[in-house]
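Start counting at 1 in the sequence shown, then tack on 1190, and there's your number in my numbering.
Errors might be hidden in some of the hints.
To be verified - Here are the simulated DSS-like pairs of lysine-lysine, each with C-alpha atoms no more than 25 Å apart in a straight line:
#1 K1263 x K1329
#2 K1338 x K1263
#3 K1290 x K1329
#4 K1294 x K1321
#5 K1321 x K1290
#6 K1329 x K1300
#7 K1338 x K1272
#8 K1278 x K1263
#9 K1290 x K1300
#10 K1329 x K1344
#11 K1278 x K1321
#12 K1285 x K1272
#13 K1294 x K1360
#14 K1285 x K1329
#15 K1300 x K1263
#16 K1272 x K1290
#17 K1285 x K1263
#18 K1344 x K1272
#19 K1338 x K1278
#20 K1344 x K1263
#21 K1294 x K1371
#22 K1294 x K1329
#23 K1285 x K1338
#24 K1294 x K1338
#25 K1360 x K1338
#26 K1329 x K1272
#27 K1360 x K1290
#28 K1366 x K1278
#29 K1272 x K1294
#30 K1360 x K1321
#31 K1300 x K1344
#32 K1300 x K1371
#33 K1278 x K1290
What the hints assert, rightly or not - Here are the simulated distance ranges between beta carbons:
#34 E1303 x K1278: 20 to 30 Å
#35 A1267 x V1368: 22 to 32 Å
#36 K1375 x E1268: 55 to 65 Å
#37 Q1357 x A1291: 19 to 29 Å
#38 D1254 x S1307: 24 to 34 Å
#39 A1267 x K1375: 49 to 59 Å
Simulated from the structure, these hints should not be mistaken for laboratory data. Everything numeric in this text was worked out from a predicted model, so none of it was measured. Each residue gets a CB set at the ideal place from its N, CA and C atoms; glycine is no exception.
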Amino acid sequence: MRAAPGIIGMLVAVSWCTSAALKPVQAAAAQQAVVATPKAAAAPQAAAAPAQAAASAARVFTGDVGMMFNVIKPDRAEDFEKVIANLKDALAASKDPVHKAMAKGWRVYKSTEPIASGNILYVFVIDPVVKGADYSPSKILNDVFPEKVQELFKIYSASFAGGVTLQNHKLVADMKPVDPKPPDKK
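Construct all of the structure, not just a fragment, from the sequences and the given hints.
Okay, structure coming up:
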């Protein structure tokens, strides 16, 4: 993971955001769907809500590093973390090499202090990004655990206070000191 110190800096900067600064993030995030259509719906009515929300739900990064900001209700943080634990299990259990590659660069951070309105910010940091891969948690869960996706979707969607904001990043400068090369031995 090549950008960890910079990522910590970004997380610190995000934690300094005021309520006014987060409103555009929350508004934009609320407009984005956070689910994929399930493979195995127990009944057409049960699949209707996730299917309707699936329009444009793909989470595909175009940068070298990707970040997803998830604004979560404080009383639902434990539920959100339960879904994240299932997501981790799904990535580990998957036989798909794309899922394996995604897992290698995917980290989840939680703000140590509440943000605006007392909500909790979870940041998914993906470094490096697997180009063309869909990082939608619900799609991954659906691919690996289709029998659990309906239950997990209910928990996942009820956790959000504002939604998800996806950002693409590219490395501009690496601030790590460069190790001097040892002298050539002749």
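| said: So, against the hints stated earlier in the document, which numbers end up violated here? | reply: Hints 17, 21, 25, 28, 32, 35 contradicted; others consistent.
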